Each structure stands twice: as structure tokens, then as C-alpha cells.
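Q: Read top to bottom, the protein sequences are chains A and B.
FYI, in this note's numbering the residues of the first sequence are 1 to 276.
FYI, in this note's numbering the residues of the second sequence are 1 to 290.
Mixed in with the good hints there might be a few duds.
[What the hints assert, rightly or not] Quick partial rundown of chain A residues pointing at chain B, CB under 8 Å, derived from the structure:
| # | residue |
| --- | --- |
| 1 | E3 |
| 2 | Q5 |
| 3 | R6 |
| 4 | I14 |
| 5 | G17 |
| 6 | P65 |
| 7 | L70 |
| 8 | S73 |
| 9 | F90 |
| 10 | R184 |
| 11 | L185 |
| 12 | R187 |
| 13 | A188 |
| 14 | Q189 |
| 15 | V194 |
| 16 | I217 |
[Unchecked claim] Computed Cβ-Cβ distance ranges for the label pairs, DEER-style:
| # | chain 1 | residue 1 | chain 2 | residue 2 | range |
| --- | --- | --- | --- | --- | --- |
| 17 | B | P6 | A | F79 | 42 to 48 Å |
| 18 | A | T16 | B | A122 | 55 to 61 Å |
| 19 | B | R195 | A | Y128 | 55 to 61 Å |
| 20 | A | T250 | B | G81 | 46 to 52 Å |
| 21 | B | S210 | A | A171 | 33 to 39 Å |
| 22 | B | R24 | A | E163 | 26 to 32 Å |
| 23 | B | D268 | A | T16 | 57 to 63 Å |
| 24 | A | Y128 | B | G81 | 55 to 61 Å |
| 25 | A | G209 | B | E188 | 33 to 39 Å |
| 26 | A | N7 | B | P121 | 36 to 42 Å |
| 27 | A | F79 | B | R195 | 50 to 56 Å |
| 28 | B | R195 | A | S234 | 47 to 53 Å |
[What the hints assert, rightly or not] To give an idea of the interface, some chain B residues facing chain A are shown, with a C-beta separation under 8 Å as derived from the structure:
| # | residue |
| --- | --- |
| 29 | L19 |
| 30 | S100 |
| 31 | I103 |
| 32 | F113 |
| 33 | A118 |
| 34 | G163 |
Derived by calculation from the structure, the hints in this document are not laboratory data.
Just so you know, these numbers come straight off a predicted model, no measurement behind them.
Beta carbons are placed, not taken as given, at the ideal position from N, Cα and C, and that holds for glycine.
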Amino acid sequence: MLELQRNVIFGQFIDTGSPIHRMDARIKLVITFVFIVASFLINDFLGFAVVLPLLVLIQLVSRVPLGYVLRGSQLFLGFLVFVLFFQVLFYPGDVPESSYLWHWGFLSISTEGLYTAGILGLRVIFLYYVTTMLMLTTSLVDLTNGLELIFGPLQKIRVPINELVLVFVIAIKFVPIFIGEVERLARAQTARGVPFDEGGALVRARRIGRLLVPIFISGFARADLLATAMNTRSYRGGRGRTKLRQLHATGADWLVLLLVVAWMLAAWQLPDRLVA
Amino acid sequence: MRSEEPPILELRNFRYTYLEGTPRASEAIRDVSFEIRRGERVGIVGPTQSGKSTVVDSFAHLLRLKPGQVFYDGQDVAAPGYDRRKLRREVGIVFQQPDSQIIEDVVGADVAFGPTAAGLPAEETRRRVEESLNALGLPYTEYRLRYVHALSGGQRRRVAIAGVLAMHTPVLVLDEPMAGLDPRGRRELLELLIRLQKDRDLTLIVCSASLSDASLLCDRFVVLDEGRVVLDGPVREVLREADRLAELDITLPEPVIGAREFKKLFPDLPAEILTEDELEAELLKRLGVA
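Bound conformation, chain A alone (with noise of 0.2 Å):
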């Protein structure tokens, strides 16, 4: 039966106490930052290669099974392959005709597009990749702590901060109540006779597809539950509100953030200095 809390844990914290765990959010959320850009300076495949060591790093020092992520980004990387698979079909530029594998009409596989796709593939991978694990090892809690803390200064100039952090907070802890949302529906209508469980991957996605409707009525009846949730308990913003926990950036998270800063500035530079 389906259980696809198995395949997206997008937005969820596992919560294994390692290390990186006990970082402060704010330095997390500024390596996420650090990493982000990166991610678009980097151009290419040696680059993403003085990267990979880092990643391979932190996941082992998060103590969060490996397999659990892979098994968790599967629908995330059919999704890429199938995108990337258009992205080289219709790979556009100049490119010289002796670098054409394969040519039919206006679609065409070539090197030159076979490496441009590699490259955004990896790009993707890595921002996805980097994102998972911030919240994978920051709860909710400190995610909004922090984020409130950075950009708590542009709260002078009117900035509603509280809010638009807020507003972040509830869509990412939304995606995994949906994704429950989505299995109790399935199972309920599986045992009313429409197989969820059953069929290639094609009808079963069409199948979901059913699903829409329902969830869509069920998202709405939340977001106003919510709403009603916030008011009778007097939300009003962040204004005048204390915290219980304090954010504490030590020493340690200073020097690993100087540390990831230094090796992505390495993974931008060192390839085109080994290559001239």
C-alpha cells in the first residue's frame, strides 16, 4: 500500500541530536545561503567534485541515514531526469555539427547539451540536496527563530518580517501534513474499491491525480481552521514577544561557517586556476 512519507520528506526534521543538529539556526540558515550561491558559481563537473567530499561530510556527521534521504528524493529525481530529459532533446545554440550524436528535425542529442544538462542536474541536486538537510536537522522552532533574527533589522523600514516568516513556516509544514493528507484519502478509497496499489507507475500517478480535488477542499478547511486557530489566541505578530530560547552562535559554528565559505570559494576557483 502506498505510503509516500517514504518518498518526500521534503520538509521534515529528524531529530538525531548530531552536531550540526545543535548549530545555530542562524549559521545554518547563512551555510545554506553560502552554499545557494555557490551553486551558480560553480560551471563545472571538477567544481561540483571539490564539493562532493563536503556533502558526503555533513551527512555523515548528521547521523541521518543515508538511505533514508536517497529513498526520500526518488519522486524529486524522476522528476529532474524527466525535465533534464527535454533539456537536452532541445538543447538550442550553435553548436558545430560535429558534435551532433543524434539530429531529427529540431530535436537533437549533443555533447554540447548533454553537458549543459549534466551541469544543471548537479546544480539542482546540490540546492536540493542542501535545503533537505537544513531541515532535516533545524526544527521548525529555530528555523523561525532565526530567520526572524536575521532579518530582523528590516523590520525598521517596515519590513513585515514576522509575518512573511510566518507565512514560510506554515508552507513547508504543510507539505508533510498534505502528504498524510494524501495517503489517509487513498487508503480510504482504496477500500471503497479504486486500487491505489496497483497498476505501473503512469496509473498510479493518475490515480493521485483524483486525489486533487478533495485535498485542495481539505487545504482551504485547514488554512481558515488556522486563521481561526491564530485570532482566538490573539496572535498579533512578532511585536513585544520575548523567547524562551535564546540563539547562541559559539566559536565552533563560526569557525565551520569560515570553513564552508573558504572550500566553496575553492570549488569556484580552484578548476579554472588548474586549468589555465
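With chain A's structure known, arrange chain B on it following the hints.
A: Leaving out everything else, chain B in the frame of chain A:
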């Protein structure tokens, strides 16, 4: 000869862990074994998190079951090649949240979904839809073209039940059927279920955290706690363990609660009082009123 045929449902050392093998695994059923015979009326009772809903889901193979644990009509439902579609046409489940099992937008179409999927002719399907809706107090002519989402919660629950009844399943499983119904709705549903059970010789399974509704419907209770069977026996026998049930946070029927209080006054009051009439008779006897 009845006792010689295999039990219609059987759980044999059933264990179940959700998301097994992941860091988020949670053990729902630790060790549950019991049999249900054809035509029995069984209440599966337990506090929240006791594993009731998991047991219900296992009956129609809605989980990732391992072989050798769940049997329907003597056959292992998790055996390779087992016909799950047939199983689901024979075990009808009414879930806790009725909305999750309503598939179509219009009442009539939704109730017709099961019979149509089972390949019944249109005429028979129409007859069953009419019969089921009428039985649940939703007159066919008035309700068949109504939109499900415009109905009240109680009405949607009845549509969900009608959808399962229309399948004419030999086994009917209801998960907290009385939740969200007003006293009149409860009474009507109770009467309907008792009537149906007799007419169709149904095997009826009712899941609840409250014994008061279940005690009127069932003659046997299986009490679950933390994924294990704590008590299993005829209603009166199980109710004799009132202290234990209260400890598990299971709501007892009102006459039983009353009898427990009166026991402080009359220590010789019998332990198996179940209905108001019995309690009244015993009290009158002790008060010396003829």
C-alpha cells in the same frame, strides 16, 4: 457446523510498524491475535493510540502487510497473488472521517461508485442506491442529485455509510461510527445497524473508545491497549473488569458507571449489570420495594 468453518477474519501474532526502517518508524501493533466468526458482532475498543484504526486497515489489506498475519476466510491476504479487489468487495469499511472515502461530488453517484466498480448492472445499482439512501434516512428522490460538499457533517457520514452498504458486503467495519452524530442520529444509526445485521447476517465490527455505543451493538469486546489485546470476551465478562477499563480511559456505559457507584452502598450488587433496567431491578430489590 458453524464453528468448523474457518473464522471469517483472523489476526495471528499481528505486528505492524508504520514507516518501518526509517528514522520516523512508529510501532502501532505489538502483538495482536484474535478470530472473528461469521455473523459475530464484535467491538474493538481501546483508548487513542491503542491500534484500533491499524487493525481496521489490516482487514482490507490497506497496509504493507507481511504474509502470515492477517487471514480472511482462512486465506492469507498478504500471500502473493491474493485477490485484494475481491477482499475489498467483501469487507466494507466506514472510516472515522467520512469525507476521505467520498469519491464523487453528487450523493447518488457516490453511493453508486462501489456497485458500478464491482460490475453490477445499472438497474441493480440504482436499486441498491435507493435502498441504501432510504435506509439511512436520506430519501433517494430528494438527495440523489445533491452535492456532497453542501451537506452537513452528519449527512456526509450517512452518505459514506450508504456507499458501503450498497456494496452488500458480508463484513461491515465501522470506525467510530457515532462520532459527530446528535443523539437522534445515534439512535437511528444504532437501530439501522442492528436491523441490517439481522437481515443480512452481517459480520459487524465496531471500533470505539466508548463502550456505551458499542455495548448496545456488540456481543463481544476485544480491548486493545498500546498495540496489544488486553481483554477479549463476551460483553458482560469484559465489563466485569470495569476498574481495568476505567484505568485505560475507556468510557463505560452509563448504567455500569451507576452500578459501580451504587456498589459503595450495596457491596453485594452483581458485577455484570449492563442495562438501566437491570440496575433498576437490583436496586429495587435491595431497597425492599416490591
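Q: Each of the hints needs a verdict: does it hold here or not?
A: Comparing the hints with the structure gives:
1. Evaluation of the E3/A hint against chain B yields a held restraint, the C-beta minimum of about 6 Å falling below 8 Å.
2. Hint on Q5/A holds. Least Cβ distance to chain B is approximately 6 Å, under the 8 Å limit.
3. Because the smallest distance between the Cβ of R6/A and any Cβ of chain B comes to about 6 Å, under 8 Å, the interface hint for this residue holds.
4. With a least beta-carbon distance of about 5 Å to chain B, the hint placing I14/A at the interface is held under the 8 Å criterion.
5. For G17/A, the shortest C-beta to C-beta distance to chain B is roughly 12 Å, which exceeds 8 Å, and the interface hint is violated.
6. With its C-beta approaching chain B no nearer than about 6 Å, P65/A sits inside the 8 Å limit, and its interface hint holds.
7. Nearest Cβ of chain B to the Cβ of L70/A: about 11 Å, over the 8 Å cut. The hint is violated.
8. Nearest Cβ of chain B to the Cβ of S73/A: about 13 Å, over the 8 Å cut. The hint is violated.
9. Annotation: interface hint on F90/A violated; nearest CB of chain B at approximately 38 Å, more than 8 Å.
10. Here the hint on R184/A is kept, as its CB sits about 5 Å from the closest CB of chain B, short of 8 Å.
11. Proximity of L185/A to chain B holds as hinted, the smallest CB-CB distance being about 5 Å (cut-off 8 Å).
12. The closest approach between the C-beta of R187/A and any C-beta of chain B is roughly 5 Å, which is under the 8 Å cut-off, so the hint is satisfied.
13. Given hint, A188/A at the interface with chain B, holds; its Cβ is 4 Å from that chain's nearest Cβ, closer than 8 Å.
14. With a cut of 8 Å, the hint placing Q189/A at the interface with chain B holds, because the nearest CB-to-CB distance is about 6 Å.
15. Taking 8 Å as the C-beta cut-off, the interface hint given for V194/A holds, the closest approach to chain B being about 7 Å.
16. Against a cut-off of 8 Å between C-beta atoms, the interface hint on I217/A holds, since the closest Cβ of chain B lies about 7 Å away.
17. Hint check: P6/B to F79/A, Cβ distance near 46 Å, so the stated range 42 to 48 Å holds.
18. Separation of T16/A from A122/B is about 57 Å and conforms to the stated range, judged on CB atoms against 55 to 61 Å.
19. R195/B and Y128/A have their C-beta atoms about 57 Å apart, which keeps the hinted 55 to 61 Å range intact.
20. For the hinted restraint 46 to 52 Å between T250/A and G81/B, the CB-CB distance of approximately 59 Å leaves it violated.
21. Between S210/B and A171/A the Cβ separation comes to about 38 Å, which falls inside the hinted range of 33 to 39 Å.
22. Between R24/B and E163/A the beta carbon distance is about 30 Å. The supplied range of 26 to 32 Å therefore holds.
23. Between D268/B and T16/A the C-beta distance comes to about 59 Å, which sits within the given range of 57 to 63 Å.
24. Distance hint check: the CB atoms of Y128/A and G81/B are about 39 Å apart, inconsistent with the given range 55 to 61 Å.
25. Between G209/A and E188/B the Cβ separation comes to about 37 Å, which falls inside the hinted range of 33 to 39 Å.
26. Our hint of 36 to 42 Å for N7/A and P121/B holds, since their Cβ atoms are close to 40 Å apart.
27. Our hint of 50 to 56 Å for F79/A and R195/B holds, since their Cβ atoms are close to 52 Å apart.
28. A C-beta distance of roughly 50 Å is found between R195/B and S234/A, which places it inside the suggested range of 47 to 53 Å.
29. For L19/B, the suggested interface contact is upheld, since its CB lies about 6 Å from the closest CB of chain A, less than 8 Å.
30. This hint holds: S100/B has a C-beta 4 Å from the nearest C-beta of chain A, less than the 8 Å allowed.
31. For the restraint placing I103/B at the interface with chain A, the shortest Cβ-Cβ distance is roughly 6 Å, inside the 8 Å limit, so the hint holds.
32. Interface restraint check for F113/B: the shortest CB-CB distance to chain A comes to about 6 Å, inside 8 Å, so the restraint holds.
33. Interface restraint check for A118/B: the shortest CB-CB distance to chain A comes to about 7 Å, inside 8 Å, so the restraint holds.
34. Hint on G163/B holds. Least Cβ distance to chain A is approximately 7 Å, under the 8 Å limit.
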